[in-house]
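Colleague: Residue-level listing of the chains:
4 protein chains.
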Amino acid sequence: MIKAAILGATGYAGAELMRILSCHSGVEISYPASHSYAGSKFSDIYPGMKGVLDMVLREDDIEKAAEEADVIFLSLPAGLASSLVTEKILSSSVVIDLGADFRLHDRAVYEKWYHTEHHGPKLLEKAVYGLPEIHRNEIKGKRLIANPGCYTTCSIMTLYPLVKNGLIETKGIVIDAKSGTSGSGRGEKLGSLYCEVNESIKAYGVTNHRHTPEIEQELSEASGKDIVLQFTPHLVPMNRGILADCYARLVDGVSEEDVRKAYSIYEHEPFVRLVDNPPETRYVKGTNCIDISWRIDKRTGNIIALGAIDNLVKGAAGQAVQNMNIAFGLDETEGLSLGAGSPF
Amino acid sequence: MIKAAILGATGYAGAELMRILSCHSGVEISYPASHSYAGSKFSDIYPGMKGVLDMVLREDDIEKAAEEADVIFLSLPAGLASSLVTEKILSSSVVIDLGADFRLHDRAVYEKWYHTEHHGPKLLEKAVYGLPEIHRNEIKGKRLIANPGCYTTCSIMTLYPLVKNGLIETKGIVIDAKSGTSGSGRGEKLGSLYCEVNESIKAYGVTNHRHTPEIEQELSEASGKDIVLQFTPHLVPMNRGILADCYARLVDGVSEEDVRKAYSIYEHEPFVRLVDNPPETRYVKGTNCIDISWRIDKRTGNIIALGAIDNLVKGAAGQAVQNMNIAFGLDETEGLSLGAGSPF
Amino acid sequence: MIKAAILGATGYAGAELMRILSCHSGVEISYPASHSYAGSKFSDIYPGMKGVLDMVLREDDIEKAAEEADVIFLSLPAGLASSLVTEKILSSSVVIDLGADFRLHDRAVYEKWYHTEHHGPKLLEKAVYGLPEIHRNEIKGKRLIANPGCYTTCSIMTLYPLVKNGLIETKGIVIDAKSGTSGSGRGEKLGSLYCEVNESIKAYGVTNHRHTPEIEQELSEASGKDIVLQFTPHLVPMNRGILADCYARLVDGVSEEDVRKAYSIYEHEPFVRLVDNPPETRYVKGTNCIDISWRIDKRTGNIIALGAIDNLVKGAAGQAVQNMNIAFGLDETEGLSLGAGSPF
Amino acid sequence: MIKAAILGATGYAGAELMRILSCHSGVEISYPASHSYAGSKFSDIYPGMKGVLDMVLREDDIEKAAEEADVIFLSLPAGLASSLVTEKILSSSVVIDLGADFRLHDRAVYEKWYHTEHHGPKLLEKAVYGLPEIHRNEIKGKRLIANPGCYTTCSIMTLYPLVKNGLIETKGIVIDAKSGTSGSGRGEKLGSLYCEVNESIKAYGVTNHRHTPEIEQELSEASGKDIVLQFTPHLVPMNRGILADCYARLVDGVSEEDVRKAYSIYEHEPFVRLVDNPPETRYVKGTNCIDISWRIDKRTGNIIALGAIDNLVKGAAGQAVQNMNIAFGLDETEGLSLGAGSPF
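Chains as they are written, first to last, in our numbering: chain A, 264 to 607; chain B, 264 to 607; chain C, 264 to 607; chain D, 264 to 607.
One should not assume that every hint holds.
For chains that are exact copies, the list does not tell them apart, and a pair is met inside one copy or across any two.
Claimed, not checked - In silico lysine-lysine, BS3-like type, Cα no more than 27 Å apart, as pairs:
#1 Lys452 / Lys304
#2 Lys561 / Lys375
#3 Lys385 / Lys524
#4 Lys389 / Lys351
#5 Lys434 / Lys561
#6 Lys266 / Lys488
#7 Lys304 / Lys524
#8 Lys327 / Lys434
#9 Lys385 / Lys427
#10 Lys427 / Lys561
#11 Lys434 / Lys385
#12 Lys351 / Lys524
#13 Lys266 / Lys524
#14 Lys434 / Lys266
#15 Lys304 / Lys266
These are computed hints drawn from the structure, not numbers from a lab.
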């Protein structure tokens with residue numbers, strides 16, 4: 264059994280990770296930790312897990328965690344992970360960071376978009392960007408896995424086959440993404456109140472959302488060109504789900520068949536479903552799947568590629584487990600749901 | 264492997280059953296059937312199950328189903344099951360009916376509340392009321408299991424320890440129950456439209472809801488007295504969940520300790536969680552659990568017992584699988600979820 | 264023009280009051296005040312009112328308010344109003360308190376249920392319980408009007424004709440009430456977050472909710488007997504609306520006709536609608552109306568009376584304006600909506 | 264008093280029109296009609312209007328309507344209006360069509376996108392596209408007003424200042440729009456059921472939604488160039504509201520100041536609010552306002568212009584009343600709300 268520590272176990276992503284790991288046949292949760300709730304039972308904070316996860320939460324002390332765990336999941340506020348992870352920690356445990364600290368290869372880009380100093384720049388080159396469908400082989404040997412963001416997972420995977428194969432103009436890409444409210448976290452903020460979110464939709468972070476450079480990094484790498492794109496996230500009155508509408512200009516002469524072939528790289532991916540109808544977030548809810556669909560518009564010369572994920576699963580905790588499964592040589596789908604009930 | 268047929272696989276309860284069975288280690292779905300969608304792939308109707316349940320739906324022909332299945336689940340409109348099930352069917356397959364046709368022991372009561380003739384009165388005595396926490400031993404040998412209704416499961420289980428032990432006055436019981444909208448089914452009715460349900464709550468079936476005699480039958484049997492009670496259901500703008508508030512007058516002299524002791528009959532039940540705070544439906548969502556809590560009000564002399572279930576799981580498909588597990592001698596919890604993620 | 268001050272203008276009830284008064288032909292908002300947002304424009308806090316209510320918010324100083332206003336509305340945390348209102352304030356302005364401080368005639372009852380000292384017990388006898396349909400004549404001359412609570416308005420009005428006419432047993436009354444989330448206010452509390460409220464229903468304050476004694480006071484007064492009743496509130500995933508299911512035992516021999524006649528006292532009330540079908544909260548949303556319906560259950564001997572209001576309008580701001588209209592001799596319906604759009 | 268007929272009074276847009284007109288000081292509803300509910304009281308279909316609109320619904324006979332009304336509002340399925348309106352009707356009544364039949368100047372474009380024959384092509388040139396902020400002067404003398412669609416109103420008004428002033432490249436415009444569910448109408452369709460819409464978001468009509476040519480027509484006219492653009496609508500789990508994110512490439516050299524100046528054409532428009540923060544649909548709910556905001560992204564060279572309306576008000580019934588006010592020389596804002604309560 265792999266022993267797992269979770270630091271930040273009571274945030275929404277951390278709690279989803281706890282839930283998924285509780286059903287994982289190869290993992291034992293040895294060190295569940297929470298800054299705010301150390302000393303409480305996990306199921307007192309999440310009563311839905313009563314009888315399943317009644318363990319007492321520990322202090323979020325990474326050194327103790329490293330002593331008791333083979334893998335440490337970090338689900339912490341931005342900037343914290345990079346000040347906690349050290350070579351020593353990595354020598355004893357694999358670290359999978361659900362936050363942003365190790366996702367951007369370029370420290371300067373991080374500091375510009377996050378308006379904060381990076382505390383562990385030397386570790387950046389040891390980290391792998393943990394998007395398995397693109398970096399599976401690199402993930403295998405790594406000790407430090409930067410689990411991608413929710414919007415970014417959805418956006419990158421939806422556009423990757425197109426940029427990788429040079430089928431779209433790299434200039435002018437627009438990503439209009441919509442997220443459920445769990446993406447805003449469990450913090451007691453006015454903007455997260457039921458009555459402030461319900462019965463409304465809004466854009467936020469227009470032109471400056473932090474997930475932008477992450478998407479650009481991965482798509483630039485795939486295309487070999489510097490991609491600068493437009494990314495706009497939105498808050499939707501629902502608990503879970505991300506839908507990303509990706510708009511791009513098709514390169515002249517590209518056919519439907521070319522596009523179909525490009526997406527066929529996902530054919531054997533267990534968590535990618537190529538669907539005919541525009542994807543709906545309810546159909547991936549609770550699963551680690553991404554549903555992808557696309558349309559070419561001959562009138563405009565554009566392609567519209569649409570991807571849908573569950574922001575807490577493929578966009579966070581599920582993908583972290585997928586990364587763990589890869590890192591430890593387990594079946595990649597172990598513990599991860601492939602089918603969504605409906606209505607849920 | 265147990266071979267299972269599902270007639271009515273594309274209604275909400277039927278589809279949830281398909282989903283649960285698809286994760287069940289001891290079952291193979293051999294005959295999924297749908298009146299409306301025969302010939303389609305299940306995952307075309309429920310795209311969330313693409314890649315998991317792509318099988319083609321069959322005609323809802325119970326005789327063919329009986330040839331190909333050890334257990335037949337019926338999830339059909341009221342009145343249909345009683346005209347389909349025969350001794351011959353029962354001789355080859357166990358039948359678990361998610362509908363109401365075999366729940367009421369007294370045909371006259373059925374016909375009065377359902378305003379329709381009963382087509383198989385002779386089978387009534389062969390049927391068992393499939394509420395495992397109360398009738399587990401009777402379920403074991405039976406070929407025809409009447410799976411309880413959603414409101415009824417929640418109401419009966421919440422009140423059972425009190426009536427069984429004579430702790431409450433059997434006169435004057437009030438059950439005020441609230442249900443998510445999936446309980447209204449997948450029919451294209453005006454009252455089920457998003458804009459007709461959202462941002463509102465209402466009572467319906469006041470004084471005449473069909474689940475009333477079912478609750479009365481079971482509680483009367485438990486108490487040994489004829490119980491006539493007030494049951495009022497409500498429609499709540501959410502997908503899933505039932506909350507039942509049960510009000511009753513405590514018998515003079517009954518103490519907190521007496522009540523605690525009465526509920527301790529559930530102590531070892533895998534699907535019953537006795538909780539301190541009032542139960543919330545989100546904490547049982549997707550699980551086969553019932554959360555139960557109670558308060559004695561010394562001012563009024565009442566006890567308020569509160570129960571919460573997921574109407575599609577413990578209130579329908581999950582309990583049907585629990586019954587199947589019992590009938591076939593499997594671990595009762597096999598395939599059934601015990602912990603609820605949150606937010607979900 | 265009546266000059267109006269609002270202290271606590273940026274809470275949900277206060278803001279609704281601002282909105283209603285902005286459409287009132289006889290009122291000028293002369294002193295809008297907010298403890299948290301003094302110095303900001305109202306429309307910066309509530310952008311939906313941009314162009315309509317751009318005035319700058321003042322300090323919540325009741326003495327200044329009294330200098331500049333004929334009527335002062337208080338929408339403040341419990342316990343604050345009773346420490347602010349004085350004889351001097353009342354000599355210059357009519358005070359309408361949307362909070363609980365002056366609702367209970369008996370200071371001891373207040374202190375028991377609110378667990379706090381009452382700061383202005385001498386003013387209690389000067390206050391009138393501002394439920395116009397019951398106390399209209401008393402309201403007319405009063406300087407201090409205690410605007411009723413939301414649950415209480417709905418519960419009292421629904422049961423009043425029955426208790427007033429002695430048609431129900433005063434023992435054993437059960438009120439099971441359901442409220443939208445705006446009733447929890449605009450405070451940044453975990454339990455008010457979108458993801459904690461959405462897709463769930465729960466009871467709270469079981470046996471000890473503070474609105475209980477207020478309902479009991481008014482119904483006891485109406486019946487001439489000491490009424491002790493069971494009141495259970497619930498949180499529903501919707502913005503607005505209260506539904507109260509009131510259960511009581513009919514006195515022997517009472518007929519449908521007796522009940523109909525009792526409710527006919529509301530016949531000419533502009534804000535009471537007697538409806539045939541069970542009321543739905545969406546049909547009173549945004550209005551100052553209460554919809555009331557009832558059923559007698561011959562099986563149980565009970566009557567179930569159902570009332571629905573908008574908690575922020577008839578349950579708070581709208582009723583406050585109705586009280587102001589009465590106190591100042593205006594048309595009682597001025598500024599108040601009578602019809603609800605749907606879907607809204 | 265202007266006498267008004269409404270044909271199609273029980274659809275969501277028609278009912279909202281009924282509600283708005285019921286509060287309009289200069290209008291009397293003389294002929295409310297419904298194909299499905301003729302003979303019923305309006306308030307039996309919309310109980311929220313009980314006591315306000317209890318009139319009996321008539322047959323939807325346009326000739327009778329013309330005899331009894333100065334203005335006829337049509338809220339009918341596509342294709343019906345063009346077969347009903349005649350020169351004779353127009354000679355006696357002003358017709359305001361909330362449907363699409365008279366919006367597109369070019370019959371061929373209509374027939375291509377709507378896949379149906381146009382029944383009144385001769386009337387097309389008599390019709391004016393009723394977007395007051397752009398065509399106010401043309402509306403004044405016209406007898407046939409084509410009330411714009413919901414998505415189109417929001418999209419056109421948001422982009423108009425930019426295309427009118429040549430500030431954006433006319434090639435490559437992307438409109439990603441999101442709508443509440445009332446936009447799908449009151450029809451009993453599977454896709455409109457609560458459980459099919461709730462907790463999910465999806466795109467639909469990708470590349471082929473019928474509102475596309477309407478947006479292109481108006482923006483092409485404003486710019487003097489043939490604009491072909493990408494329009495993608497989405498279904499959001501909320502009752503009301505449209506948000507349109509409009510992406511375009513700024514023409515080289517265009518400054519923030521140029522953009523600000525362009526939008527200043529709306530400065531004195533009563534229903535346009537230029538806001539700093541990204542607009543949220545809740546802030547226009549129930550009003551006839553559009554909130555518009557924009558950001559220039561120097562990294563990408565794009566401008567993102569965002570508009571938000573209430574689809575049933577500015578996107579349908581409210582704008583129809585605005586058009587009527589203009590056509591009959593009334594104050595343009597009469598009967599129309601300018602401020603949105605929140606939460607609502």
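Colleague: State for each hint whether it applies.
Modeller: Consistency of the hints with the structure:
1. Lys452 / Lys304: both (25 Å within a copy, 21 Å between copies)
2. Lys561 / Lys375: Cα proximity of Lys561 and Lys375: across copies only (15 Å, versus 39 Å in one copy).
3. Lys385 / Lys524: For Lys385 and Lys524, the Cα distance exceeds 27 Å both inside one copy (39 Å) and across copies (49 Å).
4. Lys389 / Lys351: within (13 Å within a copy, 68 Å between copies)
5. Lys434 / Lys561: The answer is both: 19 Å in one copy and 14 Å across copies each meet 27 Å.
6. Lys266 / Lys488: For Lys266 and Lys488, the Cα distance exceeds 27 Å both inside one copy (41 Å) and across copies (55 Å).
7. Lys304 / Lys524: between (50 Å within a copy, 25 Å between copies)
8. Lys327 / Lys434: neither (48 Å within a copy, 58 Å between copies)
9. Lys385 / Lys427: neither (29 Å within a copy, 52 Å between copies)
10. Lys427 / Lys561: both (22 Å within a copy, 26 Å between copies)
11. Lys434 / Lys385: neither (32 Å within a copy, 45 Å between copies)
12. Lys351 / Lys524: neither (45 Å within a copy, 53 Å between copies)
13. Lys266 / Lys524: The answer is neither: 41 Å in one copy and 39 Å across copies each exceed 27 Å.
14. Lys434 / Lys266: Answer is neither: 45 Å inside a copy and 55 Å across each miss the 27 Å cutoff.
15. Lys304 / Lys266: So Lys304 and Lys266 pass the 27 Å test inside one copy only (19 Å; across, 41 Å).
In this structure, the earlier hints numbered 3, 6, 8, 9, 11, 12, 13, 14 are contradicted, and the remaining ones agree with it.
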